[in-house]
Amino acid sequence: MKVDVDCTMKNGEAEISISLLERVSREEFDEFTELMRREGFEYDSYDHSNFFRTDSPAMLRAMLNFLEKEFDVSATLTGSRKYTWEERDTFVEEFATSNGQ
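Mind the numbering: the sequence shown is residues 21 to 121 in the working numbering, read in order.
To be clear, the hints were calculated from the coordinates, so they are not data collected in a lab.
Glycine residues also receive a C-beta, built at the ideal position from the N, C-alpha and C atoms.
Mixed in with the good hints, there may be bad ones.
To be verified - Below, simulated BS3-like cross-link-like pairs (lysine-lysine); rule was C-alpha separation at most 25 Å, straight line: (1) 102 x 22; (2) 22 x 89; (3) 102 x 89.
Claimed, not checked - Just the calculated beta-carbon pair ranges, DEER-fashion: (4) 58 x 22: 27 to 33 Å; (5) 47 x 102: 34 to 40 Å; (6) 51 x 73: 32 to 38 Å; (7) 101 x 47: 37 to 43 Å; (8) 78 x 28: 15 to 21 Å; (9) 42 x 116: 31 to 37 Å; (10) 44 x 75: 27 to 33 Å; (11) 59 x 100: 25 to 31 Å.
Working from the sequences, and respecting the hints, build out all of it.
Right under this line is the structure:
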């Protein structure tokens with residue numbers, strides 16, 4: 021399943037927002053939303069995306085690894101600059117440094 025991931029650092033937190041990039045059946049959508057709910061994501065019905073906030077670099081790394089394992093990811097990661105999905109480890113390092121960890 022293809023997803024778009026937008027992750028932004030702001031005020032000591034990282035927010036991950038996930039949206040589907042392809043049409044899926046109702047059953048697949050229900051499975052997707054259940055999986056997101058189990059992993060701690062909240063559904064935003066206004067923009068039809070799931071989001072998760074954390075101030076922990078370890079949790080951010082774990083969530084990004086989870087997304088890599090479960091989905092075909094297209095992503096924008098925004099910190100002091102924009103990072104590609106392949107640069108996510110550097111993004112997490114910047115987040116850890118900015119939080120003094």
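Outcome of the hint check:
1. Restraint check for residue 102 and residue 22: satisfied, since their Cα atoms lie roughly 21 Å apart, inside the 25 Å limit.
2. Taking the CA atoms of residue 22 and residue 89, the gap is near 12 Å; set against the 25 Å cutoff, the hint holds.
3. Using a Cα cut-off of 25 Å, the hinted pair residue 102 and residue 89 holds, with the two alpha carbons roughly 22 Å apart.
4. In this structure, residue 58 and residue 22 break the distance hint of 27 to 33 Å, their C-beta atoms being roughly 20 Å apart.
5. Remark: the range hint 34 to 40 Å for residue 47 to residue 102 is upheld by a beta-carbon distance near 35 Å.
6. The beta-carbon spacing between residue 51 and residue 73, approximately 23 Å, falls outside the hinted interval of 32 to 38 Å.
7. Between residue 101 and residue 47 the beta carbons are some 40 Å apart, a value that agrees with the proposed interval 37 to 43 Å.
8. Between residue 78 and residue 28 the C-beta distance comes to about 18 Å, which sits within the given range of 15 to 21 Å.
9. Between residue 42 and residue 116, the C-beta spacing of about 33 Å keeps the proposed range 31 to 37 Å intact.
10. Taking 27 to 33 Å as the suggested C-beta distance range, the pair residue 44 and residue 75 conforms, at roughly 32 Å.
11. For the pair residue 59 and residue 100, the supplied restraint of 25 to 31 Å holds, since their beta-carbon distance comes to about 27 Å.
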